[in-house]
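**Q** For reference, the chains in residue letters:
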Amino acid sequence: MMPLAFGNKRSKYRVVKLPDSHLLKALGLRKGTEFTLESKHPFKGPVVVKVGCRCIAIDYDVARDILVEEV
Amino acid sequence: MKCHSSHTNKRNISDGKIKILLMGNPNVGKSVIFSKLTGVHVNSSNYAGTTVDYTIGDVSFGRQCGVMIDVPGVYTLDAISEAEKVAVNLLKEGADVIVCVLDATHLERNLDLAFQLKEYDIPIVYSLNLVDVAKRQGINIDVEKLSQELGAPVIPTIAIKNKGLIEILRAAMKLAEEECVPGSKLTDEERWDKIRDIVAKVQTRVQKKKVTFIEVLEDKTIQPWPGIPLALLVLAISLGVVVGGGKALRAVVLLPLVKDIIQPALTNLVSLVVPEGVFRNLLVGDYGILVIGIEWPLALILPYVFLFYVVFSFLEDSGYMPRIAVLADGVLRRMGIHGGNIIPLMLGYGCAVPAILGSRVANSYKERIIIAALVSFAIPCASQSAAFFALLGDRSIPALVFVYLLSVLVGLAVGTIVNRIVPGKSQPMLLEVPNLLWPDKDAFKKKIKLRMKNFLIDAEGPMMIGIVVASVIAETGILNEFSKLIEPLVEGWLGLPKEASLSLLLGIIRRELAVLPLLELDLNMLQLVVGSVIALFYLPCLSVFGVLTKEFSLKVSLLIVVATTTTAFLFGGVINQVGRLILGAM
Ligand SMILES: Nc1nc2c(ncn2[C@@H]2O[C@H](COP(=O)(O)OP(=O)(O)OP(=O)(O)O)[C@@H](O)[C@H]2O)c(=O)[nH]1
Ligand SMILES: [Mg+2]
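As you go down the protein sequences, you meet chains A and B in turn.
When we follow the working numbering, the leftmost residue of the first sequence carries the number 1, and every step to the right adds one.
When we follow the working numbering, the leftmost residue of the second sequence carries the number 72, and every step to the right adds one.
So here's chain B without its partners, still in its complex pose (with noise of 0.2 Å):
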């Protein structure tokens, strides 16, 4: 699957093996113990709903087997939402023993999944996960009586920490040999009453003197003032951070590498193998396939993508984006999505596929059409985004500029008229903030490299293909008559010379391909920004078009496609015609 983190490799699982459901509320740690236990390495976030679908490992203590599934997190067992529903099948299904996760910071409310997973005949061993956070807090919680009123073992840990997770493994491979007597069923009331007891007796909180700089942070991010200027703040350093670094790291290590080091080593092998004549050119000429091959995603692509996905694991693993999501949501309801969204829109400017993706959990179909087309539409993906700065970076910040603000508006626009024609209704927001959490290192590189050769693999293939396509149609002559076929459109209306034709096949294939090629010809400003915007709304790559075809219709899919291409031809056009109006003026 293409740019797509999460890997669900389903497989047997009845042969002989101990099966181990890891099971809990949102957002209390499963696939980060999941990750440890198994080394399957599946995608933790700092919020609820990360894991959509069940993931499988293997995992071994002592002689004993076994595979343990890491269940999308929930708060009930009342098979309404899509994670539910996944839950309790897998609970139909059998097993022979629950890791049941606990946020030791929210015990109330853990334990109520907790009694509905008792009714089931699985045997349970609980997890009491976060308690250094519940310690930060001021929690206490006495885990021996804890265990007593459960009638089940309990085992404190810290997962991020891999404090007490093989213990958990061993207390449920022995577990898993006995048997179970199911609990009895309660009424809603019943049980919470009881949770309330159970609570009472188990948990103590001291009242802190001194409130710590992480709870002033995590109350003031919730308020709309500071919260909003804050989160402004944070986005721009954000931005900062992956213009600026990108920059730098280009010029500093990438260029230096890939221009000194390896395109030469490149040219040298090539020049002893392959005779001087046109099919060396075509490897490693100017423009040839191995140099522009290695230069284009290497150096120029990313940098930019390495430090976007940095900055964006780092907002996501501390907490912060269901706070933007909380300040979002007032202009996001106007579209017709809650403020949750932000979130899968976010990871839109790494890449749309999953973005359109991580749509899937809490969403009806109304507020994912609008995800997708807001993402097809107006989010360039971050390997687009570093083609821009390539290009207009060094030319001309208010083009830049002018581009995404152009962005941001046909977004709020196409969002709205989506919102208008199509029928059904969306969700409200009920939204669980977590705590602010200091990223785990561990978690965060793996979480990067992970995202980082996802990107490797999705982007090398396409992009290689796209310059080979490129560099075959320009030697035969193709793109001649292609560019004297849409000559009166791309001369004509848009006012770029027709070699950019180029970038118009190539961004079929991907988006940055839209961009690149006219960094190969001497364009004037008011042509850069038509470029610009251009490929800016030109076609959702070809990934994209494969997602939204999976996901929701082929019908949808060519829809967006003819939509987003109307537009680009449309604004590029209206924008050189009136631009040269101004300047003919002047």
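If we strip away everything but chain A, and leave its shape as in the complex, we get (with noise of 0.2 Å):
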């Protein structure tokens, strides 16, 4: 189990737990979603991940409470 914000590119995680976020729940991400790591960005920019067949760019330090496991 790890933050999101420290995941590779192009591997696939599932949600173990994630901060009570009311737009994070909205836009699909909620406890054992699972979904794979498009790209990160530099100077703490966001972790963009892909659900189902869309990206969701997530801000690093969202990213960073957003706790995750490899699948």
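Hints are computed from structural coordinates only; laboratory data are not their basis.
Wrong hints could be hidden among the right ones.
[As the list claims (entries may be wrong)] Calculated pairs, SDA-like style, for lysine to any residue (alpha carbon to alpha carbon, straight line, at most 25 Å): (1) 25(A) with 261(B); (2) 25(A) with 259(B); (3) 272(B) with 32(A); (4) 50(A) with 97(B); (5) 265(B) with 18(A); (6) 265(B) with 34(A); (7) 40(A) with 300(B); (8) 44(A) with 436(B); (9) 12(A) with 274(B); (10) 520(B) with 365(B); (11) 9(A) with 402(B); (12) 50(A) with 208(B); (13) 25(A) with 179(B).
Work from the hints to combine the two standalone chains into their complex.
**A** Shown next, in the form of structure tokens:
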């Protein structure tokens, strides 16, 4: 288990724990959601993940609070 | 509203017409459907949050009349964000029927809202939109089955091609007459389980062997490498199109049109009616109101503004903007705003007014102030850029580059400072990156037409006023008095001829008017740069002042005015003094 922000590009993860954010839920990121990490960006830029077939950019600080495990 | 493109005409809608709410997630095509069905043009773009407020339009089907409301897109009905509050309020006011637009490429997430809507006792018809894109992605949805699962009609649509929209209207009108049983209230988990079930039943995906070019682009554009160089390339090409194309358009079409056709015609006309003398000169003399009043906006400004909006609208509709947002987040968050705000900032290069209004949706007060400050300070609008191109473009490209580089540097500084001094929190970026789409021709044309119309209405009036003011104060000698008054500032500190005070006066009205009078003066290189730098940071125009006051407060707008003007004179003066020292030493 590790924070999403430290994940690797192109790896698949499952959400274990995530902050109670209204928008995260709305965008379809919930406990148990599986996704691919698409890209990470320099200067603490966002982490882009692909859930199903859509991409969501997640702020670096938020991505640090999301705990994931590799699948 | 100045430069503002969404027309919200709220009418009394309790006159017996059928009330249709058009709802759905952000960026699923609601505004396109609305525009096609009502004929009322509303802005649509390929990113979430284009529609902030709601818009009402009339629809009719056979003998039935109705009003349709384009509700801002929302992911949930939790009434937390501004858009959600608007949506929930509209729902609570009640309606006869809801048209719920579903994005066929993201069915699961879209159904989440659909089920929340079912809890209200309003009948729903579903528009399964973007089926063309879904097909391209290998997604197949069994419409019949989905309709059974939802217990309501589901109609596949391709909004931009006008496919299925009449059927939607027909179904909506029919359902409006019927009674409706509200769905049972589900907990979040129950709802998600149910949705997962439904999606598993109705959706099949074919794994495609071939990856399409668009898919490769979609992937590459959100990687730092090659995304960032690609973005820079796109920006460079955009700039090339606007600057180069504008210059060509001016030289080939607009200058001949104005100089050879319009101006002689006007001169002849006026000569017939107005006897020779001061008054005729005032109208059609070398700097006559009708001469400059047409040449400046039409031949100098318009081509650049037009091309700016062509390029901007293209980027907007293609879905590229949110990708730039992802790439820019690392830099923008240092200024207390998240990457998504690159969109209003870029819009500011067109006009500051829609940029400031456009920041209204998802942002906190702090972020809005930062955006407003950046836009007012350091982002020249399209009209002003056009004036810079005209002033510096022919004389010295390095000077032009210097002015824009300075604007970016000051922008970074302003953002950082405002971020420090304004209390409050900034929101983190949580942004959906849309599919890349080839912009729809009709929508694209309409959008540009609307933006150009707004520009002409907003710009021509104040421009004419400015030019009238200019000729009157020049004729009556007021300008001379004023020039004498501020001579120490203009001549001593800034090293400009005293006639340049006209720029300072007119610059109050519109930003480009702070630049254009310099065209008529015979300035040396240093003076050109100083004049441009002052114009760059000088007052935001009157419309912007109005919007700042309305959106924030008089205090905020006055503060911005004082800060920008001080910066203008400080930088202008320092550049002049330092420049002279260097030139003197050489
Ligand atoms: N290919 C394709 N593109 C579509 C279709 N419907 C809409 N679009 C495009 O999708 C984008 C989003 O459309 P909008 O009408 O602005 O979306 P909206 O639902 O009003 O979005 P918000 O106002 O942000 O809630 C635009 O670029 C449209 O041109 C469709 O059926 N097929
Ligand atoms: Mg819309």
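**Q** All hints are to be evaluated individually against the structure, with a verdict given for each.
**A** Results for each hint:
no., hint, verdict
1, 25(A) with 261(B), "14 Å, holds"
2, 25(A) with 259(B), "10 Å, holds"
3, 272(B) with 32(A), "20 Å, holds"
4, 50(A) with 97(B), "18 Å, holds"
5, 265(B) with 18(A), "22 Å, holds"
6, 265(B) with 34(A), "18 Å, holds"
7, 40(A) with 300(B), "16 Å, holds"
8, 44(A) with 436(B), "23 Å, holds"
9, 12(A) with 274(B), "22 Å, holds"
10, 520(B) with 365(B), "20 Å, holds"
11, 9(A) with 402(B), "21 Å, holds"
12, 50(A) with 208(B), "15 Å, holds"
13, 25(A) with 179(B), "13 Å, holds"
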